[in-house]
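Q: Going by our numbering, the first residue of the sequence shown is number 403, and it counts up by one from there.
Any given hint could turn out to be false.
Stated by the list, open to error - DSBU-like mimics (lysine-lysine), calculated; alpha carbons at most 30 Å apart, straight line: (1) 510 <-> 528; (2) 469 <-> 459; (3) 520 <-> 481; (4) 520 <-> 469; (5) 459 <-> 528; (6) 469 <-> 510; (7) 528 <-> 469; (8) 520 <-> 474; (9) 459 <-> 520; (10) 474 <-> 459; (11) 520 <-> 510; (12) 459 <-> 481; (13) 510 <-> 481; (14) 474 <-> 510.
Said to hold, decoys possible - Taking CB as the label site, the calculated pair distances span: (15) 479 <-> 439: 19 to 29 Å; (16) 425 <-> 483: 32 to 42 Å; (17) 554 <-> 440: 37 to 47 Å; (18) 439 <-> 495: 20 to 30 Å; (19) 439 <-> 522: 15 to 25 Å.
It is worth saying that the hints were derived from the structure and are not from the lab.
All values derive from a computational prediction rather than experimental measurement.
Ideal Cβ positions, reconstructed from N, Cα and C, are used throughout, including at glycine.
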Amino acid sequence: MRVLGIDPGLRNLGWGVIEVDGSRLRHIGNGVCHSTGTELAVRLLSLHEQLTDVLHKYAPDIAAVEKTFVNKDAVGTLKLGQARGIALLVPAQFGLPIGEYAPNSVKKTVVGVGHADKNQIAHMVKMQLPGVDLAGPDAADALAIAICHAHHQSVNRMKVRA
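Model the full assembly from the supplied sequences, consistent with the hints where possible.
A: Structure, rendered in structure tokens:
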């Protein structure tokens, strides 16, 4: 099963694809979609096009997207929400089931603590996906989201068997 993890961002939208075989995880690809243009609609369109290319190239079976956290900057939160809309829309256009995870849930699953920093996340992603060459912190976060989803999927399968 191929899992696509997406870390939404208006400037930088991270993505990571892993393959899951039982309890084994294998890195397939990762990168960052950088929005282009100055107007919001053009930037969102560029993210949509780039993420669509990722799905065409890697053909994931399922996707997972990080939930938006609300911060003090309402305008920034709204813009992030619009980028998150693209992160949800593109996999939905491919008919993929989509999981959504809070940032603390991803960190707790991958690192073991809910308030891990970006360096800790990148370190644990490298430990779980040996040899991975990370395209940056946003790609590391996206791979962490994919790992989190894979973990939750396997736990759910184990519950069904019990």
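Q: Determine for every hint whether it applies to the structure shown.
A: Evaluated hints:
1. 510 <-> 528: 16 Å, holds
2. 469 <-> 459: The hint holds at about 25 Å.
3. 520 <-> 481: Judged against 30 Å, a Cα distance of about 22 Å means the pair holds.
4. 520 <-> 469: With Cα atoms ~17 Å apart, residue 520 and residue 469 stay inside 30 Å; holds.
5. 459 <-> 528: 23 Å, holds
6. 469 <-> 510: It holds: about 15 Å lies between the C-alpha atoms, which stays within 30 Å.
7. 528 <-> 469: 23 Å, holds
8. 520 <-> 474: 21 Å, holds
9. 459 <-> 520: 27 Å, holds
10. 474 <-> 459: Given that 30 Å is the threshold and the Cα spacing comes to 37 Å, the pair is violated.
11. 520 <-> 510: 13 Å, holds
12. 459 <-> 481: Between residue 459 and residue 481 the Cα gap is close to 27 Å, so the pair holds against 30 Å.
13. 510 <-> 481: 26 Å, holds
14. 474 <-> 510: With a Cα-Cα distance of about 24 Å, the restraint between residue 474 and residue 510 holds, given a limit of 30 Å.
15. 479 <-> 439: 19 to 29 Å: 21 Å, holds
16. 425 <-> 483: 32 to 42 Å: 34 Å, holds
17. 554 <-> 440: 37 to 47 Å: 38 Å, holds
18. 439 <-> 495: 20 to 30 Å: 21 Å, holds
19. 439 <-> 522: 15 to 25 Å: 34 Å, violated
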